[in-house]
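K.L.:
This is what each chain is made of:
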Amino acid sequence: DTAVSQTPKYLVTQMGNDKSIKCEQNLGHDTMYWYKQDSKKFLKIMFSYNNKELIINETVPNRFSPKSPDKAHLNLHINSLELGDSAVYFCASSQTNTGRSETQYFGPGTRLLVL
Amino acid sequence: GNSVTQMEGPVTLSEEAFLTINCTYTATGYPSLFWYVQYPGEGLQLLLKATKADDKGSNKGFEATYRKETTSFHLEKGSVQVSDSAVYFCALRPTGGGNKLTFGTGTQLKVEL
Numbered sequence: 001d002t003a004v005s006q007t008p009k010y011l012v013t014q015m016g017n018d019k020s021i022k023c024e025q026n027l028g029h030d031t032m033y034w035y036k037q038d039s040k041k042f043l044k045i046m047f048s049y050n051n052k053e054l055i056i057n058e059t060v061p062n063r064f065s066p067k068s069p070d071k072a073h074l075n076l077h078i079n080s081l082e083l084g085d086s087a088v089y090f091c092a093s094s095q096t097n098t099g100r101s102e103t104q105y106f107g108p109g110t111r112l113l114v115l
Numbered sequence: 116g117n118s119v120t121q122m123e124g125p126v127t128l129s130e131e132a133f134l135t136i137n138c139t140y141t142a143t144g145y146p147s148l149f150w151y152v153q154y155p156g157e158g159l160q161l162l163l164k165a166t167k168a169d170d171k172g173s174n175k176g177f178e179a180t181y182r183k184e185t186t187s188f189h190l191e192k193g194s195v196q197v198s199d200s201a202v203y204f205c206a207l208r209p210t211g212g213g214n215k216l217t218f219g220t221g222t223q224l225k226v227e228l
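Each protein sequence line maps, in turn, to chains R and P.
With our numbering, letter number 70 in the first sequence gets 70, and the count goes up by one each step, no holes.
For any residue, its number in our numbering is found by taking its place in the second sequence, counting from 1, and adding 115.
Check each hint, because a few of them may be wrong.
[To be verified] Straight-line alpha carbon distances no greater than 27 Å define the calculated DSS-like cross-link-like pairs of lysine-lysine that follow: (1) 41/R <-> 225/P; (2) 36/R <-> 9/R; (3) 225/P <-> 9/R; (4) 71/R <-> 175/P; (5) 36/R <-> 225/P; (6) 175/P <-> 41/R; (7) 40/R <-> 225/P; (8) 44/R <-> 167/P; (9) 19/R <-> 167/P; (10) 192/P <-> 41/R; (11) 40/R <-> 167/P; (12) 67/R <-> 171/P; (13) 215/P <-> 22/R; (14) 44/R <-> 215/P; (15) 225/P <-> 44/R; (16) 215/P <-> 40/R; (17) 40/R <-> 192/P; (18) 183/P <-> 44/R; (19) 52/R <-> 215/P; (20) 215/P <-> 9/R; (21) 41/R <-> 215/P; (22) 183/P <-> 52/R.
It should be emphasised that the hints constitute simulated quantities derived from the structure, not laboratory data.
Hey, can you work out the whole structure from these sequences and the hints?
P.N.:
This is the structure in structure tokens:
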């Protein structure tokens with residue numbers, strides 16, 4: 001069974017549309033994350049939730065809205081998509097958000113292309 | 116603020132060559148340090164980690180030593196294989212609350228026969 005799964009794997013859409021990406025983890029972890037990886041492979045955290053509570057919210061346009069219905073799921077909704085939103089979005093999870101050596105487990109990524 | 120600097124790639128090596136990928140960091144206190152690997156078309160996987168000065172992380176023949184005096188965490192492997200071709204990311208987790216990882220820009224490794 002996949003530990004951290006994301007859907008869809010690929011997403012091609014037009015500028016101005018609204019889209020969602022879903023993430024689920026079956027590891028029993030308390031903490032989940034969204035990262036954005038740009039075309040140069042640079043990886044930057046966007047959000048983190050611990051037990052459904054938002055704990056990290058980086059400088060991200062408010063067109064991006066994460067939602068955590070339960071601690072096993074963290075979805076990302078994007079309004080009014082722009083060309084610059086094209087990237088690979090990775091979901092990740094960790095047991096907690098406090099351990100010094102916490103390993104984060106990454107999903108396979110969602111490749112978003114905005115035309 | 117916290118930052119991680121990695122050597123630019125791509126790094127191209129022949130099979131069985133020695134690998135070093137340099138990583139230096141800027142952070143206050145005593146961060147934890149990590150190397151993650153991303154194989155083509157996949158998400159990141161933890162390769163190794165170290166949480167305090169002079170700790171050595173190792174896995175699958177890769178090693179990295181946490182050097183506080185030089186603020187470095189260089190990745191090494193004695194003999195690379197074609198299957199090691201991937202992008203390698205150095206990352207730090209600062210001391211204090213939260214589990215926010217700061218990543219370097221990644222170094223692509225290509226190993227040829």
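K.L.:
Next step is simple, just say for each hint if it's right about the structure.
P.N.:
Hints versus structure:
The hinted pair formed by residue 41/R and residue 225/P meets the criterion: a straight-line CA distance of about 15 Å does not exceed 27 Å. At most 27 Å may separate the alpha-carbon atoms for a hinted pair to count; residue 36/R and residue 9/R meet this at roughly 14 Å. The suggested pairing of residue 225/P with residue 9/R holds, with an alpha-carbon distance near 25 Å, which does not exceed 27 Å. Of the pairs offered as hints, the one joining residue 71/R and residue 175/P is violated, with about 32 Å between alpha carbons and a cut-off of 27 Å exceeded.
The hinted pair formed by residue 36/R and residue 225/P meets the criterion: a straight-line CA distance of about 24 Å does not exceed 27 Å. Our distance criterion of 27 Å between C-alpha atoms is met by residue 175/P and residue 41/R, whose separation comes to about 24 Å. For the given pair, residue 40/R sits about 16 Å from residue 225/P by alpha-carbon distance, which is consistent with the 27 Å threshold. Distance check on the hinted pair: residue 44/R and residue 167/P sit about 24 Å apart at the alpha-carbon level, within 27 Å; holds.
Taken as a hint, the residue 19/R and residue 167/P pair is broken in the structure, with Cα atoms around 42 Å apart against an allowance of 27 Å. For the given pair, residue 192/P sits about 23 Å from residue 41/R by alpha-carbon distance, which is consistent with the 27 Å threshold. For the hint pairing residue 40/R with residue 167/P, the CA-to-CA distance comes to about 30 Å; that exceeds 27 Å, so the pair is violated. Of the pairs offered as hints, the one joining residue 67/R and residue 171/P is violated, with about 38 Å between alpha carbons and a cut-off of 27 Å exceeded.
Annotation: proposed proximity of residue 215/P to residue 22/R holds, straight-line Cα distance about 21 Å (limit 27 Å). A threshold of 27 Å between alpha carbons decides the hint, and for residue 44/R with residue 215/P the separation of about 10 Å falls inside it, so the pair holds. Restraint check for residue 225/P and residue 44/R: satisfied, since their Cα atoms lie roughly 24 Å apart, inside the 27 Å limit. Note on residue 215/P and residue 40/R: the hinted pairing holds, with a Cα-Cα distance of about 21 Å set against a maximum of 27 Å.
For the given pair, residue 40/R sits about 25 Å from residue 192/P by alpha-carbon distance, which is consistent with the 27 Å threshold. Straight-line distance between C-alpha atoms of residue 183/P and residue 44/R comes to about 24 Å, which keeps the hinted pair within the 27 Å bound. Among the hinted pairs, residue 52/R with residue 215/P is consistent with the structure: their alpha-carbon atoms are about 17 Å apart, no more than 27 Å. Annotation: proposed proximity of residue 215/P to residue 9/R holds, straight-line Cα distance about 25 Å (limit 27 Å).
As the CA atoms of residue 41/R and residue 215/P are separated by approximately 18 Å, the hinted pair is consistent with the 27 Å bound. Distance hint between residue 183/P and residue 52/R is unfulfilled; the C-alpha atoms sit about 36 Å from each other, more than 27 Å.
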